[in-house]
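Start from the sequences and build out the full structure, keeping to the hints where you can.
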Amino acid sequence: MGTRMVYLLQQLVADAADHDPDQLALVCRGSRLTYGELEQRSNALAHALIERGVERGDRVGVFANKSVETGVAMYGIMAAGGAYVPLDPTSPASRLAYVIQDCGIQHVIAENRQRATIASLERLCVKLDTVIGLTDADISYPAMGWTEIESRGEAPRRRVLEQDLCYVLYTSGSTGVPKGIMHTHRSALSWANVTASEYSIGDDDVLSNYAPIHFDLSTLDFFGGAKGRATVVMIPEEHMKLSASLASVLEQSQITLFYTVPLALVQLSTPGVLDRGDFSSLKRILFGGEPMPLKHLHSLMRMLPETRFFNVYGPTEVNGVTHYEVPGPPPVHGDALPIGLPYDNVEALVLDEEDRPVPQTKVGELAIRSATSMRGYWGRPDLNERAFYFRDRFDGLPEVFHRTGDLVHQDRDGVLHFHGRKDRQIKSRGYRVELDEVEAVLITHTDVVEAAVYGVPTQDGTTEIRAAVTLARASAATPSSLRTYLAEKLPGYAVPTVLTVLEDFPRTPTGKVDRRRIAEATTALSTSGERS
Amino acid sequence: MSERDPRQALREFISHELLMDETAALDDERELLLDGTIDSLGATRLVGYIERTWGIEIPPQHVTVENFRTIATMAGYVERRMVDGSES
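Sequence lines, in order, name chains F and Z.
Position 328 (the first sequence) corresponds to 328 in my numbering; numbering is contiguous.
Residues are numbered in my numbering as their position in the second sequence, beginning at 1, plus a constant of 532.
In short, the hints are calculated from the structure, not lab data.
Hints may be right or wrong, so weigh each one.
[As the list claims (entries may be wrong)] A partial selection of chain F residues facing chain Z, derived with a Cβ cut-off under 10 Å: (1) D88; (2) T270; (3) P271; (4) R276; (5) R302; (6) I443; (7) T444; (8) V456; (9) T458.
[To be verified] Derived CB-CB ranges, DEER-like: (10) F:I443 to Z:A604: 38 to 44 Å; (11) Z:E549 to F:L407: 32 to 38 Å; (12) Z:Q593 to F:E55: 23 to 29 Å; (13) Z:G587 to F:R52: 56 to 62 Å; (14) Z:H548 to F:S31: 32 to 38 Å; (15) Z:A556 to F:L124: 18 to 24 Å; (16) Z:D560 to F:P156: 43 to 49 Å; (17) F:N345 to Z:A556: 45 to 51 Å; (18) F:P156 to Z:E611: 51 to 57 Å; (19) F:R4 to Z:E544: 57 to 63 Å; (20) Z:D560 to F:R302: 40 to 46 Å; (21) Z:H548 to F:Q459: 36 to 42 Å; (22) F:K295 to Z:E544: 32 to 38 Å; (23) F:R159 to Z:A557: 49 to 55 Å.
Note that beta-carbon positions come from the ideal geometry of N, C-alpha and C, so glycine has one too.
What follows is the structure, encoded as structure tokens:
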């Protein structure tokens with residue numbers, strides 16, 4: 001038998017299944033699938049999707065909480081020639097309807113638990129050809145249960161190239177609607193190669209899957225895990241949120257590589273959480289998405305002296321592109337951790353306002369050239385025009401860099417340090433939120449005259465979203481009713497935790513709304529117990 | 533120390549403070565952690581609320597899925613702690 005050429009992501013699973021079909025691939029909530037079973041079930045799903053009309057390049061939704069079927073769905077969609085689009089089960093129906101329509105999704109893989117939201121989609125007149133994974137007949141969309149999917153050995157034959165679409169991740173957009181980030185098999189496979197090699201992922205590894213699939217952290221777990229033929233233990237959503245339960249999954253599943261967000265590590269470092277267990281399997285902890293508070297990292301590194309810690313950096317648009325291995329427990333009051341050096345197959349440029357490289361050690365916008373980079377934003381020529389920087393090369397055939405919007409400087413050793421954003425994008429508890437999106441949605445409320453949304457740093461090192469509004473005369477709107485309004489349109493993590501009604505907004509001398517003074521004024525109010 | 537019925541009190545706190553919907557009809561068996569009603573920030577607030585309302589201290593190792601999965605399991609936890617001040 002010759003060597004299988006691997007140019008599509010799902011071929012990693014096929015390759016692992018060829019090599020050792022009995023190796024455990026996915027574990028979740030007491031269910032487990034070997035690589036052989038994962039390959040077989042995803043091929044069966046692929047045939048079913050093709051029979052239901054899925055064509056090459058079609059976007060197929062995955063609308064489910066974590067289960068081993070999530071993995072079957074991802075690889076089955078790819079094997080059918082399609083691209084998977086995660087639909088966040090905690091998002092309001094109106095936002096899901098937007099994503100489904102924006103991305104032209106006609107087929108969705110779901111589970112019974114999402115039945116009520118699927119019924120809401122019907123009421124919102126969202127059209128779907130097939131919903132796979134529902135056993136109940138109480139939706140009017142054509143449904144197909146998992147048991148109706150016939151097992152077939154071979155993967156369907158389809159001409160799909162590495163440049164073709166593999167998945168689309170929707171993220172907060174500053175104009176008030178989310179935007180879809182398009183990744184190809186090539187960018188996904190490049191990311192799998194980077195992670196498997198940088199973190200030495202092998203078949204004796206047990207990776208956690210902390211983040212749900214609508215969150216880009218999940219790609220390291222699934223893609224790097226498949227590349228290394230490792231086992232991936234999907235941490236149930238309910239265990240993610242409570243540190244004692246998270247710790248018991250890490251211990252009992254003997255996780256060897258844990259990739260997560262700083263907030264989870266802050267919570268794990270709380271006294272009483274990790275001190276009783278045996279975490280000797282945990283060889284590496286990777287974290288990213290937000291700056292890591294040093295105090296907590298310090299105590300965690302002292303609790304886990306044998307574990308290697310890496311700060312991983314990269315926006316969803318480019319996957320991971322730089323990292324920094326923390327050499328030892330950092331000084332508690334030291335400088336923030338660097339984001340580190342680019343991976344070998346990555347070039348980083350730091351640009352000024354005129355797109356000229358800045359002198360070394362000066363702050364500018366980070367631009368990235370990497371095979372892990374996205375194809376572009378789905379259906380958004382306006383954004384695509386600004387997203388890339390072209391460096392002229394080969395007589396008019398430019399090299400393409402993605403503009404990250406992140407401000408950095410490079411020190412004398414080439415190590416990159418993060419300095420915040422060029423725009424109003426923030427990270428709150430690991431979630432990426434455009435404050436302008438929250439403002440844009442708030443202003444659509446008929447009683448809201450003006451809205452200001454801003455981030456306030458919290459004690460555990462993340463950012464809390466807050467808002468202030470001025471209301472129309474005689475309006476009956478209250479902070480509570482306005483937050484309810486937002487919760488119907490935005491994911492829960494993007495809804496401001498505190499919303500204050502003001503008579504008037506403070507302004508700068510040029511008449512602009514002064515968000516900094518609003519933040520100061522409302523923070524003073526809320527610390528005196530004015531939480532709404 | 534409060535004599536309030538834990539289920540009723542927890543329903544009110546969760547619908548007002550976490551769900552941001554005072555009219556929400558909360559089922560005591562609803563999977564609040566799984567469906568996103570309680571996130572890690574919400575869990576911290578909920579722990580603080582329970583500690584204040586019933587005058588108990590909740591050690592970190594008690595903040596588990598088994599105890600906080602639903603309103604019913606949370607109320608069960610509060611009731612057990614009210615009977616015997618330390619055990620989970």
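Hint check results:
1. For D88 of chain F, the suggested interface contact is upheld, since its CB lies about 9 Å from the closest CB of chain Z, less than 10 Å.
2. Checking T270 of chain F against chain Z by beta carbon gives a least distance of about 5 Å; that is within 10 Å, so the hint holds.
3. Because the closest C-beta pair between P271 of chain F and chain Z is about 7 Å apart, less than 10 Å, the hint holds.
4. Hint status for R276 of chain F: holds, given a least beta-carbon distance of 7 Å to chain Z, under 10 Å.
5. Interface hint at R302 of chain F: violated, since its Cβ lies 17 Å from the closest Cβ of chain Z, which is beyond the 10 Å cut-off.
6. A least Cβ separation of about 19 Å between I443 of chain F and chain Z goes past the 10 Å threshold, and the interface hint is therefore violated.
7. The criterion of a C-beta within 10 Å of any C-beta in chain Z is not met by T444 of chain F, whose closest approach is roughly 17 Å, and the hint is violated.
8. Restraint check, V456 of chain F versus chain Z: the minimum CB separation of about 13 Å is more than 10 Å; hint violated.
9. Evaluation of the T458 of chain F hint against chain Z yields a held restraint, the C-beta minimum of about 9 Å falling below 10 Å.
10. Checking the proposed 38 to 44 Å range against I443 of chain F and A604 of chain Z shows it holds: the Cβ atoms sit about 40 Å from each other.
11. For E549 of chain Z and L407 of chain F, the hinted distance range of 32 to 38 Å is satisfied, since their beta carbons lie about 36 Å from each other.
12. Our hint of 23 to 29 Å for Q593 of chain Z and E55 of chain F is violated, since their Cβ atoms are close to 52 Å apart.
13. The beta-carbon spacing between G587 of chain Z and R52 of chain F, approximately 58 Å, falls within the hinted interval of 56 to 62 Å.
14. Hint check: H548 of chain Z to S31 of chain F, Cβ distance near 37 Å, so the stated range 32 to 38 Å holds.
15. Distance hint check: the CB atoms of A556 of chain Z and L124 of chain F are about 20 Å apart, consistent with the given range 18 to 24 Å.
16. Restraint check, D560 of chain Z to P156 of chain F: a C-beta distance of roughly 46 Å satisfies the suggested window 43 to 49 Å.
17. For N345 of chain F and A556 of chain Z, the Cβ-Cβ distance of about 50 Å falls inside the hinted range of 45 to 51 Å, so the restraint holds.
18. At about 56 Å, the CB distance of P156 of chain F to E611 of chain Z agrees with the hint of 51 to 57 Å.
19. At roughly 59 Å, the beta-carbon separation of R4 of chain F and E544 of chain Z lies within the given 57 to 63 Å, and the hint holds.
20. Taken as a hint, the range 40 to 46 Å holds for the pair D560 of chain Z and R302 of chain F, whose Cβ atoms sit roughly 41 Å apart.
21. A beta carbon spacing of about 23 Å between H548 of chain Z and Q459 of chain F contradicts the range 36 to 42 Å that was offered as a hint.
22. Range check, K295 of chain F to E544 of chain Z: Cβ separation about 35 Å, and the 32 to 38 Å hint holds.
23. The supplied range of 49 to 55 Å is met by R159 of chain F and A557 of chain Z, whose beta-carbon atoms lie about 52 Å from each other.
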